[in-house]
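When we follow numbering that gives the first Met the number 0, the leftmost residue of the sequence shown carries the number 0, and every step to the right adds one.
You may find that some hints are simply not true.
Stated by the list, open to error - Restraint-style ranges between C-beta atoms, simulated for each label pair:
| # | residue 1 | residue 2 | range |
| --- | --- | --- | --- |
| 1 | Ala118 | Met86 | 22 to 28 Å |
| 2 | Arg36 | Arg225 | 45 to 51 Å |
| 3 | Ser218 | Ala179 | 17 to 23 Å |
Don't read these hints as lab results, they were simulated from the structure.
In this text, a Cβ means the ideal position worked out from N, Cα and C, and glycines have one as well.
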Amino acid sequence: MGSTFISLGRSAPSGSSGVTEVPGSYSPAALSLPVRRRLALSSTVAMLGFVGGMFWYQDWRYDLPTPRPANLEQPPIGARIVSPAVMAALGEGARRPVFLHFMNPACPCTKFNRDHIAALSRRFGTDVTFLAVLEAEPDTEPAAAFASFGLPMRAIEDADGAVARAYGIYSTPQAVLVDARGRLRFRGNYNTSRYCTDERTEFARIALERLLAGRSRGSVPAAATRAYGCALPANGA
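Start from the sequences and build out the full structure, keeping to the hints where you can.
In structure tokens, the structure reads:
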């Protein structure tokens, strides 16, 4: 007995390619031009919304204070701090005031204040020794990244966060200023403005001016003590 064949579509006419046309199928090329334009516009709007949302999230994230580690210990202003790593890097420079610039080359906020710290170093560098303390993720090369910043100062790597802990630093970028006797005179933010553009709150610059004018004693403004930016990798955050 012969086999029975059931066709689900229309038979192709004689002389055709033999392709059976299935009802309900479509191809993008069959869409009208207005429809294709609307689809392209919708895709563009969605992509722009996604990118805008990412920028907003990053902006919001760095507007918030950096969480303080539960085990944070901060020496008080006026305390004498001795960090072997800093002393070894400074050499003769340790006999005058020292400005420590705690930075993570991969942190966006560190990049935002690059011009400001460079200006401070050029202005006060004849009277104060500037040293960058590099905080970075494991298995990275912060020294190479630091070189790309072009800052006029030397740098040391703080892979385990020991230098940061000695001075009570838990975020970047942060500034520390010690006098010629190694006593802590300032620890805090550079500015309330992310790009360090508010002259009224240039805390690090004001601290430098006060120290060199012999007026380093006194309290640090509360706004300068709230850390913003990137938590140190050594914090475990």
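Now for the hints, and whether the structure bears them out:
In this structure, Ala118 and Met86 meet the distance hint of 22 to 28 Å, their C-beta atoms being roughly 27 Å apart. Remark: the range hint 45 to 51 Å for Arg36 to Arg225 is upheld by a beta-carbon distance near 50 Å. Between Ser218 and Ala179 the Cβ separation comes to about 21 Å, which falls inside the hinted range of 17 to 23 Å.
In this structure, none of the earlier numbered hints is contradicted; all agree with it.
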